[in-house]
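As you go down the protein sequences, you meet chains A, B and C in turn. Taking our numbering as reference, the numbering of the first sequence is continuous, increasing by one, and the terminal residue is 298. Taking our numbering as reference, the numbering of the second sequence is continuous, increasing by one, and the terminal residue is 1226. Taking our numbering as reference, the numbering of the third sequence is continuous, increasing by one, and the terminal residue is 2131.
Simulated from the structure, these hints should not be mistaken for laboratory data. One thing to keep in mind: the hints can contain errors.
[Stated by the list, open to error] Only pairs whose alpha carbons sit at most 25 Å apart, straight line, appear in this in silico DSS-like list of lysine-lysine: (1) B:LYS1073 / A:LYS127; (2) C:LYS2012 / C:LYS2056; (3) B:LYS1188 / B:LYS1120; (4) A:LYS127 / B:LYS1074; (5) B:LYS1222 / B:LYS1153; (6) A:LYS129 / A:LYS118; (7) B:LYS1073 / B:LYS1222; (8) B:LYS1073 / A:LYS16; (9) B:LYS1073 / B:LYS1153; (10) A:LYS245 / C:LYS2012; (11) C:LYS2102 / C:LYS2012; (12) B:LYS1153 / B:LYS1074; (13) B:LYS1222 / B:LYS1074; (14) B:LYS1222 / A:LYS22; (15) B:LYS1074 / A:LYS129; (16) A:LYS16 / B:LYS1153; (17) A:LYS129 / B:LYS1073; (18) B:LYS1222 / A:LYS16; (19) B:LYS1189 / B:LYS1120; (20) C:LYS2074 / C:LYS2056; (21) A:LYS14 / B:LYS1222; (22) A:LYS14 / B:LYS1153.
[Said to hold, decoys possible] Partner residues aside, some chain B positions facing chain A, computed with beta carbon under 7 Å: (23) VAL1007; (24) GLN1010; (25) LYS1074; (26) GLN1075; (27) THR1076; (28) PHE1079; (29) MET1081; (30) SER1082; (31) PRO1084; (32) ASP1224; (33) PHE1225.
Note that CB positions come from ideal geometry on N, CA and C, so glycine has one too.
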Amino acid sequence: MNDLAIDLRGVSKKYKFFSLDKVDIQVPRGQVMGLIGPNGAGKSTTIRILMGLVHQDQGEVRVLGRRMPEEQIAAKWDIGFSSEDLRLYEAMTLEWHMAFVRSVYSTWDQQYANLLLKRFGLRAEQKMKGFSHGQRVKAALLLVLARRPRLLVLDEPTTGLDPVARHEILRELMGAMADEERTVLFSSHNTQDVEQISDQITFIDRGRVIDSFDKETYLDRWRRLRLEVPPGIDLPALPGVIAVKQQGRIAIATANAFEPDLPNAYERTGARVNRVENMTLEEIFVANVEHSREEVNA
Amino acid sequence: MTDQTSVVRQMVWKDLQLHRPHIIATLVCGAAALALLLLKHEGSTYFGAVTFFIALILVGCLLAASNILNERKKQTLAFVMSLPISSIQYTTAKLVGTVLMFLIPWLTLVIAAIWLIAVKGVFPHGTIPIALIVLTLPFVGFCAITAMTLVGKTEGWNIAANVIFNSSYSLVWPFIAGTPSLVGDLGKKEPVWNGAVLTFLGCEFAAIVLILAITYYLQSRKRDFV
Amino acid sequence: MGHSFIISQSDKRPMYLQIIEQIKQRIAVGDWIPGQQIPSIRQLAVDLEVSIITVKRAYLELEREGIIQTRHGKGSQVAQAGDLGSRLREAELAQHLEQVAKLGTMMGLGFGDLEERLRAATDQVFDKELK
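Whenever a hint applies, use it, and build me the whole structure from the sequences.
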């Protein structure tokens, strides 16, 4: 059995106004992969391709060792999927949906399902049309979590949710990770969630993967340096620095390949380093996208 | 791991449950129409039969639309496709489910018609072959509409299919009426199963098989399921 | 065994550092004693709702500093070193002193000035304790 839960190589897909271009993503078993990107970047398309719902034009897709979309039936037995635009049947109750899922999957854990009902604050006898947005998202997630699938593929699981609901969901996602055989891939443009629970992060923008690293290494590579530049000094381009914004004597350098010697390198040019700051994933997200778009346009 | 036919069965059952109100409504209407036919009054007999025939066709059209198009419209398609099924199995589940729902009013009508002719003697027994031919037409039409809606995926295709096949009846009936070998033996006391009748019935059956074959072929060529 | 770690996202420091600090704190105050079993990496990650890789990094760092030890199949424990608590306190004090020295240099204060300030601060703390 393959060590990779998800293995996309050179995946391309062309639509009229958008195309996915040679996407490579590997997620080892037992890890959480966060997919970040602006709206329309291709996160949902990538997820659909790895679910076998959309056939790639080029490239190899293997999920839990199965080729997609040819072996999608076998794969989908072990995958739990939910997406932000997914709806359940409005005229039916949550209980009905639970019974339906239970009738298909033998791995359904009713005890855990009842626990989730309590934790999520949901009423099984209520019809779906009476659920609020947040309750609907949690209901869809319950239907997926109670099966204890080996792979969870979630497209925007916390989007549009209040902080309490978000926390409830993150708690269950991490709860699933107590089992080292389980893997999670989720997409979000909520960088806080990705920063918190992801082991690996992949950035997508305009159909291309622009970065893919393990989170700790990644966060370590990015720094913001606040500099004071005396008059007459021109800041040189230093390796590892992707952007410098200067106004008068104050400059801010953004580095995506930070080395411990970098502040000294600036000091040697005559500038003074006031502070070296870590960046949040959100700040990295924006800087990264801007930088990669500049590179493409250049 | 449950086997695949069981998953398809669960999906068909799910669709039947979702349409329970429709199914009950058609059963009730069917029973009412039948009761009307039992009055044996010339006017009401014809009135009941024609009304029921029309209602049948309408029900068929609505069902195909509802069962197939709603998954896309109401955005439940992703939920269904995340189940362990292929698009071919989805096709099967939708076809079986939609046809089953249609069968309820249709079989009621067929049974009522045969019973009225063979048991109650409203019409001579010679009319049995033609009754079968005429009653099978909406079933063929329904299969065609369902197939086109499933493959076309949009409301536009559903409407086009409805227009094409529902208006085609007006072409077929005169043809039937104008074919002596089909209508020549209407007055007889016993049903006459001549070559023409059998050929026509055979063609109807073949049409259904052809529709299914084309549907599965076209569905298997699709590369995107959502 | 209960524990109440708080990982704050508004804290500018990386999460793994926060974990390290809070573990050190528990050892320093004696809540976690040498030889005591501590949560596995996976278990702590689940409890804190934080990625496994982050907890792993914290544990690796703590292991390198000799504060905890992880044995294959036996999980992780607080290191057996007897003076662990006081060692951690020493490290904390050294860190603070270094900061004082840096600030002092930046402000242009000599050792004498710093000594004065330290005496004043110590007196203040003792006064408070007496009350």
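query = What hints, given by number in increasing order, does this structure fail?
reply = none
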